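Chains as they are written, first to last, in full-length UniProt numbering: chain Z, 1 to 208; chain B, 1 to 208; chain U, 1 to 208; chain F, 1 to 208.
If you are wondering where the hints come from, they were derived from the structure by calculation, not from laboratory data. There is no bait here: all hints are sound.
In this list, chains with the same sequence are indistinguishable; a pair is considered to hold if it fits within one copy or across any two.
Subject to a maximum C-alpha distance of 16 Å in a straight line, what follows is the list of computed EDC-like cross-link-like pairs (lysine to aspartate or glutamate):
(1) K20 - E62
(2) K16 - D66
(3) K16 - D61
(4) K178 - E34
(5) K16 - D169
(6) K199 - D77
(7) K20 - E172
(8) K16 - E62
(9) K20 - D169
(10) K55 - D104
From a predicted model like this one, the values you see are computed outputs, not experimental measurements.
Number of protein chains: 4
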Amino acid sequence: MATAPLTVIALNCSLKASDKPSSTDVLLGQVLSELAGHGVSAAGEVVRVAGLNIKPGVTSDEGEGDDWPALRRRILDADILLLGTPIWLGQPSSVCKRVLERMDAFLGETDDQGRMVSFGKVAAVCVVGNEDGAHHVCAELFQALNDVGFTLAATAGTYWVGEAMQSTDYRELKETPKPVATTNAMLARNAAHLAGLLKGARYPGAPG
Amino acid sequence: MATAPLTVIALNCSLKASDKPSSTDVLLGQVLSELAGHGVSAAGEVVRVAGLNIKPGVTSDEGEGDDWPALRRRILDADILLLGTPIWLGQPSSVCKRVLERMDAFLGETDDQGRMVSFGKVAAVCVVGNEDGAHHVCAELFQALNDVGFTLAATAGTYWVGEAMQSTDYRELKETPKPVATTNAMLARNAAHLAGLLKGARYPGAPG
Amino acid sequence: MATAPLTVIALNCSLKASDKPSSTDVLLGQVLSELAGHGVSAAGEVVRVAGLNIKPGVTSDEGEGDDWPALRRRILDADILLLGTPIWLGQPSSVCKRVLERMDAFLGETDDQGRMVSFGKVAAVCVVGNEDGAHHVCAELFQALNDVGFTLAATAGTYWVGEAMQSTDYRELKETPKPVATTNAMLARNAAHLAGLLKGARYPGAPG
Amino acid sequence: MATAPLTVIALNCSLKASDKPSSTDVLLGQVLSELAGHGVSAAGEVVRVAGLNIKPGVTSDEGEGDDWPALRRRILDADILLLGTPIWLGQPSSVCKRVLERMDAFLGETDDQGRMVSFGKVAAVCVVGNEDGAHHVCAELFQALNDVGFTLAATAGTYWVGEAMQSTDYRELKETPKPVATTNAMLARNAAHLAGLLKGARYPGAPG
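Put together the whole structure using the sequences plus the hints.
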């Protein structure tokens, strides 16, 4: 088993600039707090991705002004990636899609035994919306994250949405709904456990 | 413009046998009522598909005991297909998937100008769940229905789900939420209008 | 029936800047050519969206430097929207997602009878990738476009992808595969027909 | 680390009865062979689910004639679930959806520390089609399997589809395409590794 302390990087893929309150931030904060209770420390503040210049493209460096190379480095330095996104039209935000797109490059960034740079990292997902769409957002994120090398612990997603066609924001709720709190705790417990196991025992590579 | 009266067939893809109450039935009934207000008459009772033997396969007749050929005939005799499904795990029911799968055969059932048997029919979708999943179910149903030749009017889906991770059933609600009622009415108005237009002016076929 | 000539605006949601060759452009061009054969004229050049500054947000004008208001105007002035996107990780591009997100505002832009600004417009989709993902991209685009008020004619999507896990680009093909050419023609024929019908007979609004 | 031998159960969700050749079987067989090379033994023959009577419902026993309880037992007795499905209309088969639906019951089948009966099991996915749809099928299966408690190793899906709109079957190929063989091997290597880790160190439960 791993004994080194684990770290998590959290990305907030809200469409809003960093000075605006974000429901996604609230859910990310709750999960980060649960992770802290399992000895996982946050690798810096939650990253408000819309405040960075993540250029379109599918390489790891799209040139001048591209903020991806530095963010990519931070993602690969952490043991756990916590990816948070709002829901628009039942789907993940364009900012979240941009992040996934840039990780497409991991598919070609392998060691001499075929292991991507992301192998051994655990990913988890936080999804927030006024209404409907969380399961689908989880589906798209799980598939994309898994394709680019992340491992998904049991219950790798947590979410909140209101009743159909309503407009309440998660950050307006007076208290965290009990099933959401339970899911947040389970997600954190499982992600921390699995990240520890994988840190202590890397995926084997392809025979040379 | 078409003057012949329009007809609609409604399918309930609940997992439950026909003697059990179904929230999907409630929403289908509301939309059928709206359609009636636009002169669209129901082609018989709502079909509880789980009560039929729709055999697995992708041809229009899978042999002895297959209830699909008769249901297929009724679908093609109507002007509008109203497809209702519950949500399980954020996705359409297996019963609904079976219906779509059987319509895969339409892709090869074309006239001498390349028009599928379903061309000119309008489809609309009713989705009900305890929680989250409606947008994705609409996405899968829209794509599959469109692939097999149906036309989708503006706002071709209506739905209800409760707050995340909750367990209220639509049929337990004391009254229809206003935005759902508004959407039901809009869906019916648009579907009836478009079905009338297409009945009066068929899609042109490929030049011979 | 409408007698005014129909127009189409085509958006290319490639991740690449406008001076780079794009497979999405090739497929869009083929469909535009088919549409021209049905009397539908292009409303200007194909728009390379990555070359514009479409700001994140869900209003129709996100302020200084936002290129969306002008593009939005052009979309609403045309009768048909032809939306083209490449596939990355089996999903639509972040550039395409941004466009859909901005159209979320249409949900609130209704006349006094509840009709969105987009009602009566027909949308169609062109999807290109090295490999797998086209059906899902169509599903997401159909659902989002329909949610924001567009109508989908039978066979509203055309696509090309190569064999699984391969890397051929559509623009490298020596000739258009026959089933793709057939689908392109059918999509154009149906979209033109339906746009004409809807131009001649608007969706009715809600009674006042 | 676990020293007990690992086992895998493979489900083929083809629409075809068990005496018909299946491309899904070919891919499942290739992955099972890779797993065997890592000491994972098959828990019996590949299960042709269409040959069983898996009744509609979301409980673990839908009564007389239901073949699910026995299949459920076998799934929970194995360390790895290998779920294989064909693609129809770009989506998983109705037979596959039925299996996922029945596992919905796992959500309520927890021990006194909130762990589902499936916690600690690893799932992987094999997808085969004539054309397009594999990424989406992986997305839906990953999300549903993860929701009901399965863990997903890096690269938890392998697939084959032909070029867009073509009709070649995987079982007709003269040899396995190299990237598919590489993916099969990677999937098996990672799944075996992770299943071993989790067998040796269970997910911790919620404090009592």
